[in-house]
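**Student:** Chain by chain, the residues:
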Amino acid sequence: MKEQWRLLKTNFSTAFTNMAIDRAVLVTNSKGRVLPTVRFYGWEPPAISIGYFQSLEEEVDLDNCRKLGVDYVRRITGGGAVFHEEELTYSIVIPENHPQIPENILKSYGRICGAVMKGLDNLGIESKYIPINDIITGGKKISGNAQTRKSKTVLQHGTVLTDVDVDKMFSVLKVPNEKIKDKLIADVKQRVTSIKHVLGKEIRFGDVAKAMKIGFEQEFDVELVEEPLSEEEKELTRKFEKECFSARDWNHKR
Amino acid sequence: MQSKSIYKVPNGKLLKISLDYDEKHNSINKVKIMGDFFAYPEESIESMETELKSTILEKESLIKKINSIIKEYDIEFIGLHAEGLTEGILMCKK
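Protein chains in written order, with my numbering: chain A, 1 to 254; chain B, 255 to 348.
No lab work stands behind these hints: they were computed from the structure. There may be inaccurate statements among the hints.
As the list claims (entries may be wrong) - If you anchor each label on the Cβ, the simulated ranges turn out as follows:
(1) B/Lys325 / A/Glu232: 34 to 42 Å
(2) B/Asn265 / A/Glu202: 31 to 39 Å
(3) A/Glu232 / B/Glu277: 47 to 55 Å
Built from N, CA and C at the ideal position, the CB exists for glycine as well.
Extracted from the complex, chain A is given alone in its bound form (with noise of 0.2 Å):
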């Protein structure tokens, strides 16, 4: 028999929300209490994340944020900001000493991308891994990736985008040099793609996170079986989210 996960479909929730759960997933998985967990959720309303490292009012542009209705959030993990709306993200959280987790941290974003690149196989679209953390079709992006290891466990979480809308997102994501502006948003429509490009049509949210369940099956050996949040989960979701993510501390602190 096949080892068994925990498939967590949490659906659209809010930026906070969204961190909040792949942290209590983290802690809930180190302690032993839940079993290794793939989750597939989306973003509402649309929101930017940034890296661990980056400074927020260097990223993002608060003042449009406010009048699109686009929130923001400093994630647990480095990498960069990211513009979240037409995309399915997944996390996943699993301990680090696991045999299909490699020790090296670097090989081992290449084996949970592996996952996301045989998701988007199911899907028909062929994809290659480039490190650090990108997966690309066509040479074109069109997934993000980024970890954390804290308390010997794994947290991955990225984006598959969807769709994209390139001038929204710079409407809100600044960048260094206004002057070079235009040609970095053509740039940018040159170098994003999206599963919706790729394929020439409009592809539903859960038909996206069935092809990546199945691939993240393929890439791990194992079998996802849908459980909802734990009890404890709940409870560190709303602490997190409250006392963290949505806090000014986080979010500005750097």
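The hints should help you fit chain B onto chain A, whose structure is shown.
**Tutor:** Just chain B, lined up with the frame of chain A:
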């Protein structure tokens, strides 16, 4: 004196440094290390920033100090390294 730099680390990520330095002693008062790189454990970046205070703004002493902090706090960088960080900090002076 306050200054900023943006440095694309070769084969790495975009590093953004904000530096407050003592011109007379050519040393660091305060440094903020920002960007889209990865560091494990993440909180060690704050230790790095604190420990870099008073370091002389010169290539050899910076690399030596950064490497000793990396060792002391068992930091693993991805998309950044001691040389890149040194370069980013020194660019603030140019």
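**Student:** In this structure, is the beta-carbon distance linking A/Glu232 and B/Glu277 contained in 47 to 55 Å?
**Tutor:** holds (54 Å)
**Student:** Using the C-beta atoms of B/Lys325 and A/Glu232, is the stated range 34 to 42 Å upheld?
**Tutor:** Given about 37 Å between the Cβ atoms, the range holds.
**Student:** Kindly confirm whether 31 to 39 Å is satisfied by the beta carbon distance between B/Asn265 and A/Glu202.
**Tutor:** Since the Cβ atoms of B/Asn265 and A/Glu202 sit about 37 Å apart, the hinted range of 31 to 39 Å holds.
The structure agrees with every numbered hint stated previously.
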